[in-house]
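*Asks:* Protein chains in written order, with our numbering: chain A, 33 to 515; chain B, 0 to 361; chain C, 244 to 691; chain D, 1240 to 1367.
It is worth saying that the hints were derived from the structure and are not from the lab. Do not take every clue at face value.
[As the list claims (entries may be wrong)] With beta-carbon atoms standing in for the labels, derived distance ranges:
1) C:Val684 x A:Pro53: 17 to 27 Å
2) C:Lys565 x A:Lys115: 35 to 45 Å
3) B:Ala73 x A:Glu216: 29 to 39 Å
4) B:Leu12 x C:Arg422: 27 to 37 Å
5) A:Asp465 x C:Arg282: 26 to 36 Å
6) B:Arg214 x D:Val1290: 38 to 48 Å
7) B:Asp243 x A:Gly336: 54 to 64 Å
8) C:Ser325 x A:Lys54: 16 to 26 Å
9) A:Lys115 x C:Ser325: 50 to 60 Å
[As the list claims (entries may be wrong)] Subject to a maximum C-alpha distance of 30 Å in a straight line, what follows is the list of computed DSSO-like cross-link-like pairs (lysine-lysine):
10) A:Lys115 x C:Lys656
11) B:Lys166 x B:Lys254
12) B:Lys358 x B:Lys254
13) A:Lys479 x A:Lys218
14) D:Lys1249 x D:Lys1342
15) D:Lys1301 x A:Lys401
16) C:Lys397 x A:Lys346
17) B:Lys260 x A:Lys346
18) C:Lys542 x D:Lys1301
19) D:Lys1346 x D:Lys1360
20) A:Lys486 x D:Lys1271
21) C:Lys615 x A:Lys60
22) D:Lys1301 x C:Lys527
23) C:Lys395 x A:Lys346
24) A:Lys346 x A:Lys215
25) A:Lys472 x C:Lys255
26) A:Lys191 x C:Lys527
27) A:Lys191 x B:Lys178
28) A:Lys401 x D:Lys1271
29) A:Lys334 x B:Lys261
30) A:Lys218 x D:Lys1342
31) B:Lys254 x B:Lys281
32) B:Lys40 x B:Lys11
33) C:Lys255 x A:Lys61
34) A:Lys191 x B:Lys174
35) C:Lys254 x A:Lys461
36) C:Lys527 x C:Lys397
37) C:Lys442 x C:Lys527
38) B:Lys331 x B:Lys345
39) B:Lys345 x A:Lys215
40) A:Lys479 x D:Lys1271
Only a predicted model underlies this, so the values are computations on that prediction, with no experimental measurement involved. Note that the Cβ used here is the ideal one computed from N, Cα and C, for glycine as well.
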Amino acid sequence: MIREPLIFEISDKGKRAYALPKLDVPEKKDALAGLPVRAEIPGFPQVSEVEIVRHFTRLSQQNYCVDIGIYPLGSCTMKYNPKINEKVAALPGFSESHPLAPVDTVQGDLEVLRLVEDYMCEIAGMDACTLQPAAGAQGELTGMMLIRACHEERGDPRKYVLVPDSAHGTNPSSAHLSGYTVKEVKSNEGGTVDLEDLARQMTGEVAALMVTNPNTLGVFEYDIIKIAEIVHAKGGFLYMDGANMNALTGKCRPGDMSVDVLHINLHKTFSTPHGGGGPGAGPVAVKKVLEPYLPVPRVVKKGGAYALDYARPKSIGRVKSFYGNFGVILKALAYIWSLGPDGLKEIAEVAVLNANYIRRSLDKDYHLKYTAPTLHECVFSDKFQKEFGVSNLDIAKRLIDYGVHPPTMSFPLIVHGALMVEPTETESKRDLDQFIDIMKTIAREAKTEPELLKAAPHQTVVRRLDETAAARNPILKWEKSRT
Amino acid sequence: MKQTPFNAHHRKLGARMIEFCGWDMPVEYKGIIDEHLACRKAAGLFDVSHMGEIHVTGKDALAFVQHISPNDAARLSPGHVQYTGLLTPKGTYVDDMLVYCIHPEFYLLVVNAANTDKDYAYIQAQKGGFAVALDNPSDRYSQLALQGRKAVAILQPLTDVALAPMKSFTSAFGKVAGKECLVSRTGYTGEDGFEIYSLDPDPGILWDAIMEAGRPHGIQPVGLGARDTLRLEAKLPLYGNDIDDTTTPLEADFKWIVKFKKGDFLGRDVLVRQNEQGITRKLVGFELVDRGIARPHYPVFLGGAPAGQVASGTFSPLFKKSIGLVYLPIGKAAVGTEFEIGLRDKKAKAVVVPTPFYKRDY
Amino acid sequence: MSYISLSDNDKKEMLERIGVSSMEELYDCLPDEVQLKRRLDLPEAMPEADLLRRFEALAARNTYVGRLSFLGAGVYRHFIPSIVDYLSARGEFVTPYTPYQPEVSQGTLQIIFEYQTLICQLTGLDIANASLYDGATAAAEAVLMASRLNNKPKILVSRSLHPQYRETIRTYIRNLGVRIEEVGFDGDGRIDAADLARKIDKDTSAVLVQSPNFFGVVEDLKAVGELAHGHQALFVVAVAEAASLGVLEAPGAFGADVVCGEGQSFGLAPSFGGPYLGFMACRKEHLRQLPGRLAGQTKDVDGRRGFVLTLSTREQHIRREKATSNICTNQAWCALRATMFLETLGHDGLREMAVQNIQKAAYAAATLGRIKGVKLRFRGRFFNEFVLDLAKDAAAVNATLKAQGIIGGLALKEFYPELGNCVLFCVTEVHTKDEIDRLAVRLEEALR
Amino acid sequence: MYPNHYFYTKDHEWVEAKGGTATVGITDYAQKHLGDVVYVELPALGTHLAVHQTIGTIESVKAVSEIFSPVSGEVIETNGDLNGSPESVNQDPHGKGWILRLKMAAKGDVNALMNAAAYEKYIEGLEG
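In isolation and in its complexed conformation, chain A is listed as follows (with noise of 0.2 Å):
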């Protein structure tokens, strides 16, 4: 396949893809006199219509994408993204109504808003939420400062939050952008919370403990009663992780395990795509405690109309602008409406189904290193085949060149060489079995051939990019003098 070049190397003078009705108001000849105006934005690039549709047409084919196939993402939940839910956020009812427009001309947004609001606490067995924080790692970030705002007001901030070793790396960086020391949570041979540990670093000065349930080996805490106790035994909150809530819409709540606050990820269980690295959004939902401190404004209903609520003087105030990614807010609600209490019960039923039917059907040819009993996702890791000098990175890579997505490689921290597998509810058994089979065959190659899999891909546009000279010396934008 030939290469699709940058946009500024067919850029040239002249070519035209706009054009703007002329200018209907009397024109001020002087109008930029007195401005600080550029000359030219140089190398800014200038082509045509039909180059722009091909360039980025060409380019949208060197994407593996949902809508081609699976896409086993460990922790990411690459479900299918339902098509009404685009039609819906386009209407122009919603597209076009501005953030700051008088509210009783903007009911139906607001309704929307407070409609996910109360569905978020249902699912969640929660009591207020908001959807202000643009992704999973703001709502951390939102749900901390919560804590630390509440604690804050009993007199002591406090200063460490304990996270287990099993979880993202999100959530160590989020209670540090809180003002926390971060303290780890040694992980059991099961793979879940250590409780002993837990009980020993559970201290008067430990604000909360970030817990992801099920965690990111896809095992669930079978202690979080256990668990909640031993923290708030000591007046500390339970942050829960909800990535993956996949597993558990409509089969338990976390409300219900004494969570305090939880962020979910829109965009994983409620299915709104993630275009290439957002946008997603993050609501927190949180327990009656933490609700004063909400960011601001809440959405609240007065005289059967509703209205925006800025009197909070609790609240830890804005963590960005406006109510959150709306556009991605009424993907999620056209999901629920979609799928209904039993819909959303069965999504997280056949998520977990289909994750066990691959972790069964491949314990024998991948490593498990962790055998508890998972849920939504399987982690296994490169063990067998780094007999042969195979790794988990050889084998995504070999994966690619059978037309499948590799799944996840780069935590969690304590599965070296790990391979976390999460299908998702989305894939049918034809497209579950012949990963299966593409896995044995890989497993199959790495004794006979690995030499195969360290030169893989070989199929794709590019092969293996060498990613150390691009950290080495950075090139991060073009340039001229480059072509």
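Knowing the structure of chain A, use the given hints to seat chains B, C and D on it.
*Replies:* Coordinates of chains B, C and D only, in the frame set by chain A:
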């Protein structure tokens, strides 16, 4: 016989030990009056590790506490403490207790040593459909009470908890003498002071550190003997004497712990009725006018006729006279009412007086 | 509706393979007491047709839409060429994850690379990241970046910085030992140079100004930048109306160390506040402290050019609590739309569009300014927004306009009590002369 | 493999003490585990370092690790070449890949460290 973690300390101090509901406890060290006055004038340190601690946890923790307690636990935010009763369906006392809101889904109940097992069994029986977990880790808890006007001055250097800003009936976690503790501004003496809970397996240092820090302030260890005279001067009830399963909070002059408006709770119906119809008897304080000391169970006579018996009675080390508590019929219970108490051979004159006998002046 | 692809038979076979008898059994690893024993209390499943009807009914209650509006204040209406909607809707752009596997993500990666280049060209700085949540969080990240670079405790921000940006910064720094002080504005609507000179000192980590600022006024960036650098403070410029960069000199040319802003003007619908696009650019030497993802150019084993996510050691999934920021998911699809939008308008189109904004806003300001009871509040030159001081209560005037089907400007009292009856009007290339004249007529009536 | 006149830490730094000056780098074992080094963050000259204080960070594509000062002293020189060619840390960790030079505050500091033999035994233990 159970021993508290401070047993050796007591023996080293030459305390007179007795068995108190299964525990080997100090009744006095230097003498009740000394200890009593030290606590009133400076500070006293009490080993009350025999008290019972019960955990109520889980999603319905608050709802459950509301069910078993007549007081309104919904008013508690984390760090706040509430005095209440544990009532039978008849509205009478199973025990009185403190409710600590540690977290909206974690409550600590502190009950009397004599009743711990009975209370825990009773509370478990109430669990029904509530999504709560119950636990009775009483034996793992140690508890010291530091009471007296010098309490803050003595404790502050030993802890990272800011004591001065602490309101009465609040609690906070922190280190005391390097040990993780729950420090609570509560007590059973009528003085300012703190109760210090610890789950540390080896809390001995707490006693030593507090005694050491307290020496320049005139601290003294106080045994169960003075604990009783102190609480009585402050008119703090003792289960078994002043309250029991035949008496209700309304009769015991604790109407303020009964919040009818909060919704249903054990014994509510009966108490509502009693409240409407009015109580027939009431717990009041008395002084003995004649010489002698009135003690519990001594017979009481109104106009010559038997009228029950003394609930609590003792010699007040502070006022140097005999004081006590007694249930008298409404109408005969007003301050100034005179009646008689049978002291072995003679009947001694007593008079109803305003309570509490002692109110702290700082 | 259901999006499951398993037949009952499939389920049966799969359960058998796994060795369990039922779906429920898969959940035996949950303690019984946490399992939900009832159905979720949610509306029953809806087929597409019903769903659409329900949403259309909701949308119909947004009576704002379709009315003539002069609201801006950080969210702007610009004409979006149809190819942007057409191309950005492709499944290959909408449904992939973050490009962790470069060999099958060259499309997304190259587009991010082009996006980074465009942002550098517009801001006049060396490096741009792959996007942040929105303008407000970009401003907050810029402030955090500054304090990481020189760990000084004080941030000076102009009071004419978007109120929500200021609130967001306050939230982000509340636990990090950095404090923020506001610098007032003068009669021109620009940052008050005297006040700035008074407040800036050796503890000042950064000076943050918005230009065009919240009042639409274009700041004298050169002067502010020199003052900032004179005190070893970083000079941070926020841009809420990115369209202005099509004609106004790049902040980098005035010595800005960091430029952060809101890219919504580049092909994103107002959509009641999101999703938008935070952009951020900085100098080479500050690369290591720049938050967010970066796409970089490299070669594959056969020497072919390709693109990868690079310098990820700055990010939380590796550096955990030591990361430059906790941002993970960003706004890639919004950046994609911005890239399409900018490349479609092209050098000349972007500039013409920006110039039309200036022309139409100038015409509107002049026309409205002639009305009795209307004064232009600030003397400073503006881009496509301007502040009018009304003789009557602004809220009342807006109410009257609304009754006439016109959404007036933003009444500023709530954000700036000192600007009592001032209103912020926005006019872009989408407003026609007739619409502006109609506003003039109605405004005059409202003020009579 | 590991020069005999160097001293070594459990965190896999090496130090060569000559007169009052100590040259510090990371060991071959460390660079192998880190992988291709892409960036070394060097401290400012004149910085006073205590034993085990963080000197800076060293990054490969997918990992970051901190470098700790094996001895106390003042930074008098840093290896500027690493900015241009961080790979020398991989290619010649005990030579061209040196990281900084310290004016030692206490010559005795090195006595607390391992000699080559002890270090080699130490890393064998880690491998097992």
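*Asks:* Does each hint hold? Answer for all of them.
*Replies:* To see whether the hints hold, each was checked on the structure:
1. C:Val684 x A:Pro53: 17 to 27 Å: 22 Å, holds
2. C:Lys565 x A:Lys115: 35 to 45 Å: 41 Å, holds
3. B:Ala73 x A:Glu216: 29 to 39 Å: 37 Å, holds
4. B:Leu12 x C:Arg422: 27 to 37 Å: 54 Å, violated
5. A:Asp465 x C:Arg282: 26 to 36 Å: 32 Å, holds
6. B:Arg214 x D:Val1290: 38 to 48 Å: 41 Å, holds
7. B:Asp243 x A:Gly336: 54 to 64 Å: At roughly 55 Å between Cβ atoms, Gly336 (chain A) and Asp243 (chain B) fall inside 54 to 64 Å, so the hint holds.
8. C:Ser325 x A:Lys54: 16 to 26 Å: For Lys54 (chain A) against Ser325 (chain C), whose Cβ atoms are near 20 Å apart, the range 16 to 26 Å holds.
9. A:Lys115 x C:Ser325: 50 to 60 Å: For Lys115 (chain A) and Ser325 (chain C) the Cβ distance comes to about 19 Å; the hint is violated.
10. A:Lys115 x C:Lys656: 43 Å, violated
11. B:Lys166 x B:Lys254: Status holds; Cα separation ~23 Å.
12. B:Lys358 x B:Lys254: 20 Å, holds
13. A:Lys479 x A:Lys218: Distance ~35 Å between Lys479 (chain A) and Lys218 (chain A) Cα, so the pair is violated.
14. D:Lys1249 x D:Lys1342: 22 Å, holds
15. D:Lys1301 x A:Lys401: Status holds; Cα separation ~22 Å.
16. C:Lys397 x A:Lys346: Status holds; Cα separation ~24 Å.
17. B:Lys260 x A:Lys346: Holds, because 28 Å separates the two Cα atoms, which is no more than 30 Å.
18. C:Lys542 x D:Lys1301: 18 Å, holds
19. D:Lys1346 x D:Lys1360: 25 Å, holds
20. A:Lys486 x D:Lys1271: Measuring from Cα to Cα gives roughly 19 Å; hence the hint holds.
21. C:Lys615 x A:Lys60: 23 Å, holds
22. D:Lys1301 x C:Lys527: 21 Å, holds
23. C:Lys395 x A:Lys346: This hinted pair holds, its Cα atoms lying about 28 Å apart.
24. A:Lys346 x A:Lys215: Roughly 28 Å between the alpha carbons, so the hint for Lys346 (chain A) and Lys215 (chain A) holds.
25. A:Lys472 x C:Lys255: 23 Å, holds
26. A:Lys191 x C:Lys527: 36 Å, violated
27. A:Lys191 x B:Lys178: 17 Å, holds
28. A:Lys401 x D:Lys1271: OK: Lys401 (chain A) and Lys1271 (chain D) at ~25 Å, within 30 Å.
29. A:Lys334 x B:Lys261: 27 Å, holds
30. A:Lys218 x D:Lys1342: 40 Å, violated
31. B:Lys254 x B:Lys281: 11 Å, holds
32. B:Lys40 x B:Lys11: The given pair, whose Cα atoms are some 25 Å apart, holds under the 30 Å limit.
33. C:Lys255 x A:Lys61: 77 Å, violated
34. A:Lys191 x B:Lys174: 14 Å, holds
35. C:Lys254 x A:Lys461: Status holds; Cα separation ~9 Å.
36. C:Lys527 x C:Lys397: Roughly 24 Å between the alpha carbons, so the hint for Lys527 (chain C) and Lys397 (chain C) holds.
37. C:Lys442 x C:Lys527: 29 Å, holds
38. B:Lys331 x B:Lys345: 22 Å, holds
39. B:Lys345 x A:Lys215: 71 Å, violated
40. A:Lys479 x D:Lys1271: 25 Å, holds
Checked against the numbered hints above, the structure breaks hints 4, 9, 10, 13, 26, 30, 33, 39 and satisfies the rest.
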